[in-house]
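Chains F and Y supply the protein sequences, listed in that same order. Heads up: the first sequence is residues 546 to 961, going by our numbering. Heads up: the second sequence is residues 546 to 961, going by our numbering.
Treat the hints with care, since some could be wrong.
Given that identical chains are not distinguished, each listed pair holds provided it fits within a single copy or across any two copies.
Said to hold, decoys possible - In silico BS3-like pairs for lysine-lysine, Cα to Cα no more than 30 Å straight-line:
1) Lys910 - Lys814
2) Lys623 - Lys667
3) Lys816 - Lys861
4) Lys716 - Lys702
5) Lys624 - Lys702
6) Lys753 - Lys623
7) Lys910 - Lys650
8) Lys793 - Lys657
9) Lys910 - Lys657
10) Lys909 - Lys861
11) Lys623 - Lys887
Derived from the structure by calculation, the hints contain no laboratory data.
Number of protein chains: 2
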Amino acid sequence: MTAEIITVGDEILIGQIVDTNSAWMAQKLNAIGVGVVQITSVHDDLHEITQAFKLASERSAIVLITGGLGPTRDDITKKALCHYFETDLVLNISVLDNVYALLNKRNIPVGKSNELQAWVPKNCTVIQNINGTAPAMWFEKSGVIYVSMPGVPFEMKGIMEAFVLPEIVRKFSLPSIIHKTLMVVNIPESILSNMLNDFENNLPPHIKLAYLPHLNTVRLRLSGKSDQQKKLEKDLREKVFELRQIVKENIASEGDKNLAETIGENLRKRKQTLATAESCTGGYIAHLITSIPGSSEYYLGSVVSYANQIKEEQLKVSRSIIHKHGAVSEAVVVKMAEGLRKTFKSDYAIATSGIAGPGGGTLKKPVGTVWICVESEGGSFTRKFMFQGSRLQIIERSALTALEMLRRLMNDFPID
Amino acid sequence: MTAEIITVGDEILIGQIVDTNSAWMAQKLNAIGVGVVQITSVHDDLHEITQAFKLASERSAIVLITGGLGPTRDDITKKALCHYFETDLVLNISVLDNVYALLNKRNIPVGKSNELQAWVPKNCTVIQNINGTAPAMWFEKSGVIYVSMPGVPFEMKGIMEAFVLPEIVRKFSLPSIIHKTLMVVNIPESILSNMLNDFENNLPPHIKLAYLPHLNTVRLRLSGKSDQQKKLEKDLREKVFELRQIVKENIASEGDKNLAETIGENLRKRKQTLATAESCTGGYIAHLITSIPGSSEYYLGSVVSYANQIKEEQLKVSRSIIHKHGAVSEAVVVKMAEGLRKTFKSDYAIATSGIAGPGGGTLKKPVGTVWICVESEGGSFTRKFMFQGSRLQIIERSALTALEMLRRLMNDFPID
Chain F
546 MTAEIITVGD EILIGQIVDT NSAWMAQKLN AIGVGVVQIT SVHDDLHEIT QAFKLASERS
606 AIVLITGGLG PTRDDITKKA LCHYFETDLV LNISVLDNVY ALLNKRNIPV GKSNELQAWV
666 PKNCTVIQNI NGTAPAMWFE KSGVIYVSMP GVPFEMKGIM EAFVLPEIVR KFSLPSIIHK
726 TLMVVNIPES ILSNMLNDFE NNLPPHIKLA YLPHLNTVRL RLSGKSDQQK KLEKDLREKV
786 FELRQIVKEN IASEGDKNLA ETIGENLRKR KQTLATAESC TGGYIAHLIT SIPGSSEYYL
846 GSVVSYANQI KEEQLKVSRS IIHKHGAVSE AVVVKMAEGL RKTFKSDYAI ATSGIAGPGG
906 GTLKKPVGTV WICVESEGGS FTRKFMFQGS RLQIIERSAL TALEMLRRLM NDFPID
Chain Y
546 MTAEIITVGD EILIGQIVDT NSAWMAQKLN AIGVGVVQIT SVHDDLHEIT QAFKLASERS
606 AIVLITGGLG PTRDDITKKA LCHYFETDLV LNISVLDNVY ALLNKRNIPV GKSNELQAWV
666 PKNCTVIQNI NGTAPAMWFE KSGVIYVSMP GVPFEMKGIM EAFVLPEIVR KFSLPSIIHK
726 TLMVVNIPES ILSNMLNDFE NNLPPHIKLA YLPHLNTVRL RLSGKSDQQK KLEKDLREKV
786 FELRQIVKEN IASEGDKNLA ETIGENLRKR KQTLATAESC TGGYIAHLIT SIPGSSEYYL
846 GSVVSYANQI KEEQLKVSRS IIHKHGAVSE AVVVKMAEGL RKTFKSDYAI ATSGIAGPGG
906 GTLKKPVGTV WICVESEGGS FTRKFMFQGS RLQIIERSAL TALEMLRRLM NDFPID
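Using the sequences plus the hints, can you model the full thing?
Below you can see the structure in the form of structure tokens.
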């Protein structure tokens, strides 16, 4: 059983927004055993939309469509659906009720464009959208299911979870697809691939391995497909075990957990706390940590010390040290971590200071120079890095590297 | 002149990564006057890849392909290219030199899988990749250009900017495509659409208007296409002026500038400073602000006060106030802003305190309850919000709302 995703909207094709819907939908479909064959983004153009419907329906039995259902005139998905199914729009009273209820609740007057949302193709089954005025629409024709949903992510997600995914599970007898992911830190993809050569050669045909590199990490993904779920789970567990034997401590986490989650779990288990002092990372480490639900249990907070004055006053780094070594230096980053841990009384501290660019670099300290210190009662690591890339990339690399240093410190793993 | 983008890789179709490359490429292509007709994501599958090449080449004269060029065996784009162009791989010595130079510089030993990167289809023109080992490849056949590039974003971007975009400009005589974007804050899409009804009816056929809603903002995008660039620029300037007359102060910025940039420009011009005290937003406001190059000129820093102890010690919020009103309260958020501005001596202060969830909500203060205070010598706003959505959405909405409140405070605009 395979599906296709079609996203409609000029905003994707002129690059004004990134299509995050498709990745989410693909994840959910894979989890219920439906492979996604193709994702297609098309213009708000009648011919292109209907052509995409046609091609998708030739390859897959499920076609999920998002976007182009807004109340404004650039949105033409409904027109395209009518054209494709050779039908007309009819007024659906329950949708109209929903439009009124929703807008009244938000104190927004109902205009003509809102009322138009209640007109839907005659041959569809309406799926109510409790988060917005545009309903989703379910069509079946010649053995193919088409579902048209709004492009607003949380509206689409609500509809998928409440209705579309359960309905697909109910309708079809689906095989098990299981993915297991291991996050490997600090081994380049090509070296990892050499390490895993024998492992790959010995994989059974129903299990595949993929490498997903991102900054200083490579996620290894094992994907298995089978009608026998129990056996598949066992096979994958064994393969994960084998991978752990080969890659060892460079495996930072299992599953789609990121470093902040892994560290958070560890801190919670040990009932320990963390604080951060961020200069060049500018709050990004704090954001990564506080994005994790429940982080207030172990995360005390951060001092984002962009100005030197803050380093002095909040972190007790003496002016003379900043003056002597410069703000981006080993001496300052160590003092930041020490001052932080003293003030916040945390078990662990992370401090960063660097030049994220594009300005501010010098010959001696070019853009990308970043000092990171992770500290605890029991020990510390302080390292200098020369990161490359844009301002945001340098911030991101610094933050992830700092988290990985902390993971190693917490687990008594060495840093080379 | 139109182009298509094809991204190759299972990781997109199982939803493990979000395709950010396509949006970036589409932006750059539009900027040089090449419209993108379709974006297609396909599996690492020979038949599907070549089929996508074929369909794209029937619609467009430029086909840009990313992904599937890594050193690991799940990557098969080169095999698909050979199959499609009915040719074989040959060893390219200059690519081999680049592979050795690059890996030596990074102290990575060259393995067999790295050397395979230097084998390219016989009929291609190699484009060197200075940021990675996989070269890009330029093909021409039956009047269609195909360029295959690595999927790693900064490698692809380097190749696009240094070679592919200039070469397309050189080869074709392209019309001007100009986009003008206005960011509108705090007006729902449907109301905005009613306000702009006459404006839309009076648009000339070569200019189109699109609505791009995201959280509390709607970006209005005017797109014009013409062979007469000067006239097009003038037409669009006039339309932007008309829009400004209608939407007035709810236009937060022009261009693709975000709120943090707009505020930053304003602060820099006035030589004023900003500091933030973040509880529920957990450093995200600091991150948005420090993502802007040059923000160290006006941004002093942040206290991310996740623990109450930090609110007391760093922000001088008295324990009794926290005890009496709770951490998520008007009294505390006002004290946070005041304490912050006193300590940091900044012209402006932003403070947030709320419950981002999913845990921590109560009947009286459910998840999504957020207090925000923006403060300056001359005045302040303090407001309570009830945001909906996931933890990350509540964090994001809170941060953007805080920035918008600051923008209004800085410009003496009212808040309803």
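> For Lys910 vs Lys657, is the C-alpha pair at or below 30 Å within one copy, between two copies, both, or neither?
Replying inline: neither (60 Å within a copy, 36 Å between copies)
> Is it within, between, both or neither when you check Lys816 against Lys861 at 30 Å Cα-Cα?
Replying inline: This pair counts as both: shortest intra-copy Cα distance 27 Å, inter-copy 27 Å.
> 30 Å Cα cut-off: does Lys624 pair with Lys702 within a copy, between copies, both or neither?
Replying inline: For Lys624 and Lys702, only the intra-copy Cα distance (23 Å) is at most 30 Å; the inter-copy one is 37 Å.
> Quick one: Lys793 to Lys657, C-alpha cut-off 30 Å, is that within a copy, between copies, both, or neither?
Replying inline: Answer is between: at 23 Å across copies they meet the 30 Å cutoff, but 62 Å inside does not.
> Is it within, between, both or neither when you check Lys910 against Lys650 at 30 Å Cα-Cα?
Replying inline: between (56 Å within a copy, 20 Å between copies)
> Is the C-alpha distance from Lys910 to Lys814 at most 30 Å within one copy, between copies, in both cases, or in neither?
Replying inline: Answer is between; shortest inter-copy Cα gap is 28 Å, intra-copy 40 Å.
>> One pair to classify: Lys753 and Lys623, alpha carbons no more than 30 Å apart. Within, between, both, or neither?
In response: Answer is between; shortest inter-copy Cα gap is 20 Å, intra-copy 39 Å.
> Between copies, within a copy, both or neither: which fits Lys909 and Lys861 at Cα up to 30 Å?
Replying inline: Within one copy only: 26 Å inside, 39 Å across.
>> Please sort Lys716 with Lys702 into within, between, both or neither, judging by C-alpha distance up to 30 Å.
In response: within (20 Å within a copy, 43 Å between copies)
> How would you label the pair Lys623, Lys667 (within, between, both, or neither) given a Cα cut-off of 30 Å?
Replying inline: within (11 Å within a copy, 47 Å between copies)
> When no copy is named, should Lys623 and Lys887 be tagged within, between, both, or neither for a Cα gap of at most 30 Å?
Replying inline: Close neither inside one copy (62 Å) nor across copies (56 Å); limit 30 Å.
Violated hints, listed in ascending order, are 9 and 11; each of the other numbered hints is respected by the structure.
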